[in-house]
Amino acid sequence: QKEVEQDPGPLSVPEGAIVSLNCTYSNSAFQYFMWYRQYSRKGPELLMYTYSSGNKEDGRFTAQVDKSSKYISLFIRDSQPSDSATYLCAMTGSGGSNYKLTFGKGTLLTVNP
Amino acid sequence: DVKVTQSSRYLVKRTGEKVFLECVQDMDHENMFWYRQDPGLGLRLIYFSYDVKMKEKGDIPEGYSVSREKKERFSLILESASTNQTSMYLCASSPIETGYNEQFFGPGTRLTVL
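Sequences listed follow chains A and B, in order. Residues in the first sequence are numbered from 1 upward in steps of one, following the working numbering. Residues in the second sequence are numbered from 1 upward in steps of one, following the working numbering.
In case anyone wonders, no lab produced these hints; they're calculated from the structure. Treat the numbers as computed from the prediction; the structure is a model and nothing was measured. Some hints could be false.
Claimed, not checked - Quick list of in silico lysine-lysine cross-link-like pairs, DSSO-like style, CA-CA up to 30 Å:
| hint | chain 1 | residue 1 | chain 2 | residue 2 |
| --- | --- | --- | --- | --- |
| 1 | A | Lys-67 | B | Lys-71 |
| 2 | B | Lys-18 | A | Lys-2 |
| 3 | B | Lys-18 | A | Lys-42 |
| 4 | A | Lys-100 | B | Lys-53 |
| 5 | B | Lys-71 | A | Lys-100 |
| 6 | A | Lys-2 | B | Lys-71 |
| 7 | A | Lys-100 | B | Lys-55 |
| 8 | A | Lys-100 | B | Lys-57 |
| 9 | A | Lys-56 | B | Lys-18 |
Throw the hints in and build the complete structure from the sequences for me.
Here it is in structure tokens:
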């Protein structure tokens, strides 16, 4: 089983839709969870950063972590064409060999005007 | 604003050449990283550094070396480039306060080895 699984998509939605992006993971030592957005031919940019379980909201973006299910989500409300990008989840533990950031392979999202 | 810059956006080299990829960050971050990104394989860590002159191997260090002589600069070296090293190379940095978590990426260098 891979450490982090992320559906590669592609996902295509109309403008204004609510988008749900998800990752599952197998390593119970993961405690820090991140979402990166990567536009075509650019480096990833950090979008959301959460610790342990719970929700975090930032504008139209909400990150959700369920450690009991080993499942994380990113919700985008009122999606815009400018949200079209690849979204990467990333996670890490603390201490020992769990320091390394482990990435999902990314989900390609297209928001159509 | 954190800024991570990479010396080239696009690079074309020949098999067997020695290749230097340079990365500079301006936020006084202690940690710096080199990744490669390939379709279907995602981001893979090559090397990272937590201090000047310190380095640790990542998941795929074979065929690569690194140098960190100054805090702001982290170089990736391909000793003898091969075609399977054609890839997008991404540099990142993070502050010591957040460990390896909040990494800030540069724009990437797309390297083609012929």
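Here is what the structure says about each hint:
Taking the CA atoms of Lys-67(A) and Lys-71(B), the gap is near 36 Å; set against the 30 Å cutoff, the hint is violated. Between the alpha carbons of Lys-18(B) and Lys-2(A) the distance comes to roughly 34 Å, so the proposed pair goes past 30 Å and is violated. For the given pair, Lys-18(B) sits about 25 Å from Lys-42(A) by alpha-carbon distance, which is consistent with the 30 Å threshold. Under the criterion of a C-alpha separation no larger than 30 Å, the hint pairing Lys-100(A) with Lys-53(B) is consistent with the structure, at around 20 Å.
Distance check on the hinted pair: Lys-71(B) and Lys-100(A) sit about 20 Å apart at the alpha-carbon level, within 30 Å; holds. For the hint linking Lys-2(A) to Lys-71(B), the alpha-carbon distance of about 34 Å lies beyond 30 Å, and the restraint is violated. Under the criterion of a C-alpha separation no larger than 30 Å, the hint pairing Lys-100(A) with Lys-55(B) is consistent with the structure, at around 14 Å. At roughly 11 Å between alpha-carbon atoms, Lys-100(A) and Lys-57(B) fall within 30 Å of each other, so this suggested pair holds.
Using a Cα cut-off of 30 Å, the hinted pair Lys-56(A) and Lys-18(B) is violated, with the two alpha carbons roughly 45 Å apart.
The structure is inconsistent with the numbered hints 1, 2, 6, 9, although it conforms to all the rest.
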